[in-house]
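Asks: As a plain string of letters, each chain reads:
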Amino acid sequence: MSNKLSSSVPTDREVVLGILNNSEDVLNRLYIGYFPMILQLILNNNGDEDDAKDVYQEAIIILYNKIKSGDFELSSKLKTYIYSVCRRIWLKKLAQQSKTTGNVSDFEDVIAVDVDVEEHEEKDLQFEKMGSALKNLGEPCKTIIQDFYINNLSMQDICEKFGYTNTDNAKTQKYKCLQRLKKLFFKPDTA
Amino acid sequence: MRNEIKLEAIIEDYLMGKLSPEEKEAFELLRVNDPAVDHKVVAHKFFLDSLKQYGNVHSLIQQMDKAHAEMDMESLVEEYKPHPSYIVNMWRKNKSAFAIAASFLLISIFSIYSIQHNTKQNGTYEVMRREITNIKNSQNKLVRSLNAPAKQEKGHLNAAKFGGTGFALTANGYLCTNFHVIRDADSIYVQNNKGDSYKVKVVYRDPQYDIAILKIIDESFSPLATLPYKLKKNAIGMGENVYTLGFPKDDAVLGEGYVSSRTGHGGDTTQYQVSIPINPGNSGGPLLDNQGNIIGVITAKENQVEGAAFAIKSKYILEALNAIPQDSLGKKVAYSKKNPLQGLNRTRQIEKIEDYVYMIKVYN
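First to last, the sequence lines map onto chains B and C. Residue numbering for the first sequence follows our numbering, beginning at -11 and increasing consecutively. Residue numbering for the second sequence follows our numbering, beginning at 14 and increasing consecutively.
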């Protein structure tokens, strides 16, 4: 019984609460629950399953950020929201690939989500930039920065992990790493 | 360089809220006085937020990838890929429209059906009349199918196929029942209220009036005492209270009612119509009036009419009895004005007659 229950799609309320509480289970169920819907949309509109995965994950990130930022109000069913976001993203991608400029064939109701998607694009740009900056930063800087700023390890922990003789050395190292990362992050795109 | 590190450490502590109130105040003053420091704070905050956000999204993506890996992508793709068939595509895209159309169709069919059905009911009067010529078909013969195994009984261990009711006509073992009860019978046994079974043979059949006379041929049968009831000669009036004793189950059951018509099914003058609850197994049971006179034999009920049962008039019992050689009958039931049950209450009457009512078990 519990198996059946846990594999079912969570209710909209469950999703919001689950994301706010960082519940892995809810996210998994949400992800598995609505993916087929998006897969169907993408497959039937000139995409493949990898496109579906990209689009769907972007939509979940949008939902995630929106819920985390605290200003999320359910004005429709979550399903409709996710579908609409995916549809909007996929339309944009199609337009970029100039495959079709027209419409996609729909399977669900659609609501207007243009603002959310646009907002997300900006954030996504930053995400990409940060990702590539971290990549270019190299080890051990990358791990130190991630450990301290993302995984919230203390300087003491980092000191031990990397074998620094004292925390001051570690702090100096971290400072240098951060400076470099900042430089990489804020430098105008060369590409 | 050292100062820079220190400044940034302070900024970080400030942003994370780790400074003491005095330090915080001093630092905020510094921010106000030194735009360069203020700019650094803002920039650092923005940067840290981006970094945090990156971390969150990054772990989210990892988690989603994990969930993604759990799914059986191939079968999902198989299920949702564009179907070559036009019909399937159409179905998928227009599910809700189809659903609405289908329910509309169903409702229309249902309402048309019910309208027709209603008008039909108004017209059944005709139809019923036509069927009247065919009395036997629309009557429910009250033969009870016995599927429960019968109790241990002498001579016959198998379960009886059909059951009915019969009652004694003479003290030496002549019984009356319905012809349809014993029709197609290989062998027939009767069982009295004490549970004793006796083998019987059919000595007279009358399909026309649906009457049969049986004779107990079992050696263990000892003659009965004088019959307590009499046959009623005259026709009985409408509204007369009547009752019957029968075997719709393995014990005798009393049914009580009144004569509701002087004629039976479709005006059949050989029968009464009786308003009395009867069930399969009651067939062949005696119908008695308040004085304990037998006025008929329960035989059938109408299936579509509430409370309409039919009983063959007692006159035809006697006709059947007359067809049997009189010297073999012995002490027989007779017409009588006065009978021993008269004046007794219902309970006492039943006590007296229940020994003379038998369950009939038919094997074939």
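Check each hint, because a few of them may be wrong.
[Claimed, not checked] Keeping only pairs whose Cα atoms sit at most 27 Å apart, straight-line, the calculated DSSO-like set for lysine-lysine is: (1) B:Lys81 with B:Lys130; (2) C:Lys79 with B:Lys130; (3) B:Lys130 with C:Lys228; (4) C:Lys94 with C:Lys65; (5) B:Lys56 with C:Lys65; (6) B:Lys54 with C:Lys65; (7) B:Lys80 with B:Lys67.
These are calculated hints, taken from the structure and not from any lab test. Fair warning: this is a prediction, and the values are worked out from it, not measured in the lab.
Asks: If you draw a straight line from the CA of Lys54 of chain B to the CA of Lys65 of chain C, is it 27 Å or shorter?
Replies: holds, 15 Å
Asks: When you check the alpha-carbon spacing of Lys56 of chain B and Lys65 of chain C, does it fall within 27 Å?
Replies: It holds: about 13 Å lies between the C-alpha atoms, which stays within 27 Å.
Asks: Between Lys80 of chain B and Lys67 of chain B, is the straight-line Cα distance small enough, at 27 Å or below?
Replies: The hint holds at about 20 Å.
Asks: Does the alpha-carbon distance linking Lys81 of chain B and Lys130 of chain B stay inside the 27 Å limit?
Replies: violated, 32 Å
Asks: Tell me if the straight-line CA distance from Lys130 of chain B to Lys228 of chain C falls inside 27 Å.
Replies: violated, 111 Å
Asks: Under the criterion that the straight-line Cα-Cα distance not exceed 27 Å, is the pair Lys94 of chain C, Lys65 of chain C satisfied?
Replies: Violated, at about 38 Å.
Asks: Quick one, are Lys79 of chain C and Lys130 of chain B close enough, alpha carbons at most 27 Å?
Replies: Measuring from Cα to Cα gives roughly 23 Å; hence the hint holds.
Checked against the numbered hints given earlier, this structure breaks hints 1, 3 and 4; the rest are met.
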